[in-house]
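Chain order of the listed sequences is L and B. Residue 1041 is where the first sequence starts when you use this note's numbering, and the numbers rise one by one after that. Residue 1041 is where the second sequence starts when you use this note's numbering, and the numbers rise one by one after that.
No lab work stands behind these hints, which were simulated from the structure alone. Keep in mind that a hint or two might mislead.
For chains that are exact copies, the list does not tell them apart, and a pair is met inside one copy or across any two.
[To be verified] List time: in silico EDC-like cross-link candidates among lysine to aspartate or glutamate, alpha-carbon distance up to 16 angstroms:
#, residue 1, residue 2
1, K1191, E1119
2, K1098, D1122
3, K1098, D1062
4, K1143, D1165
5, K1191, E1213
Listed below are the residues making up each chain.
There are 2 protein chains.
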Amino acid sequence: MLKTKTAKQARQDQLIEIIENDPFVTDDSLSDQLKVSIQTIRLDRMMLGIPELRTRIKVVAKENYNKVRTLSQSEIVGELLDLELNNRAISVLDTDVSMVFEKTQIVKGHHIFAMAESLSLAVIDAEVAITGVANLKYNIPVKAGEKLVAKAKVTQIKENEYYVHVFINAHDEQVFRSKFIMKAV
Amino acid sequence: MLKTKTAKQARQDQLIEIIENDPFVTDDSLSDQLKVSIQTIRLDRMMLGIPELRTRIKVVAKENYNKVRTLSQSEIVGELLDLELNNRAISVLDTDVSMVFEKTQIVKGHHIFAMAESLSLAVIDAEVAITGVANLKYNIPVKAGEKLVAKAKVTQIKENEYYVHVFINAHDEQVFRSKFIMKAV
DNA sequence: TTAATTTTAGTACCTGCTACTAATTGTAAG
DNA sequence: CTTACAATTAGTAGCAGGTACTAAAATTAA
Chain L
1041 MLKTKTAKQA
1051 RQDQLIEIIE
1061 NDPFVTDDSL
1071 SDQLKVSIQT
1081 IRLDRMMLGI
1091 PELRTRIKVV
1101 AKENYNKVRT
1111 LSQSEIVGEL
1121 LDLELNNRAI
1131 SVLDTDVSMV
1141 FEKTQIVKGH
1151 HIFAMAESLS
1161 LAVIDAEVAI
1171 TGVANLKYNI
1181 PVKAGEKLVA
1191 KAKVTQIKEN
1201 EYYVHVFINA
1211 HDEQVFRSKF
1221 IMKAV
Chain B
1041 MLKTKTAKQA
1051 RQDQLIEIIE
1061 NDPFVTDDSL
1071 SDQLKVSIQT
1081 IRLDRMMLGI
1091 PELRTRIKVV
1101 AKENYNKVRT
1111 LSQSEIVGEL
1121 LDLELNNRAI
1131 SVLDTDVSMV
1141 FEKTQIVKGH
1151 HIFAMAESLS
1161 LAVIDAEVAI
1171 TGVANLKYNI
1181 PVKAGEKLVA
1191 KAKVTQIKEN
1201 EYYVHVFINA
1211 HDEQVFRSKF
1221 IMKAV
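Work out the full structure, taking the sequences as your base and the hints as a guide.
As structure tokens, then:
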């Protein structure tokens, strides 16, 4: 009864591997690949709690569908908390491990920049604006998990040019500050 | 024949919108929402070349199944073409519609910034470095589809501080230039 | 009123299953 | 050797969400 157990387990291990590598595989194909009947495949899936093909596809689809949407929707990086057009705005952003350099666990600069830039765009009362000039200073490296609070302040408006200062804090310490000149188009 | 055409077209327009907003909707649900029979929904889908639910889900799933990794892998934004440590480096980046503002089709500033910053990190011969200060100038808005070429040049090294200039061109026109002070840690 | 378009109805069949019953094969222990 | 039990295979009914097709009914335009 030892040899049989091993055979079964080995098959189920293979089954898991095949499905992980290709969630789009049918029971029929699995039955071919593992040289057992389709019923055995189904018993194995049940035992392992692996859902059927259509459900697997749906899971993959929904996971990524939401990711893509939130990514493309986020014209504002972070969440806008307060906005007074042409004056000031506040947003927050929760940092996570997807934003860091592997080596250092420090949040990549462009995420912080994106937060600042998008807030400075939001605070401007213009249909469309682009970034013209930016001066940035990173004071303290930000670690994954820290909550960032960005405050934007419009300091000057000259025709179609908007001068905006953005300060970003993590627990009351300033980690970043910047000046932007935005141009309305 | 004008009123009917409009009714049909209006329904098909709605149908397209509903499915675009939620590809996971069944014909049955569409039939409910649009107050027509399921056969009409199916005729409409055929006419419009919209595949059935299961096919739509599969497409969404497959499209994104591969994408996830390439995104998280890219520590260098763009492709590194040439590198001479502590001296100079060149990278290219193909822009696409996922990088633009919907309204204007202009590439978001932080993508260009990310390209410049990551190249300036790459050119430095240090285990770990962080961005200290950056001065940016966006000369010309970049449109989706344009190929960006970034050139980095190390101009000065002071103890643990590296001064790097990065210029980004799109078909021989300078669209962006920047100065970074990177700090080795 | 006639002809054409649009919509609805209904049937057979498809894929990739679940849920279930039952038979067969293997295997090891008494 | 046979009894007991696990493992495998076989087969059927039913389901979701369709396709493909035929045909009738309703609407509308000419």
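Status of each hint after checking the structure:
With identical chains, the CA atoms of K1191 and E1119 are at most 16 angstroms apart within one copy only, with a shortest distance of 12 angstroms there and 34 angstroms across copies. For the homomeric pair K1098 and D1122, neither the shortest alpha-carbon distance inside one copy (37 angstroms) nor that between copies (40 angstroms) is at most 16 angstroms. Both within a single protomer and between protomers do K1098 and D1062 lie at most 16 angstroms apart by alpha-carbon distance, with minima of 14 angstroms and 13 angstroms respectively. Taking the closest pair of Cα atoms, K1143 and D1165 come within 16 angstroms of each other only across two copies (15 angstroms); inside a single copy the shortest separation is 40 angstroms, beyond that limit.
Within a single copy, K1191 and E1213 get their C-alpha atoms as close as 13 angstroms, which meets the 16 angstroms cut-off; across copies the closest is 34 angstroms, which misses it.
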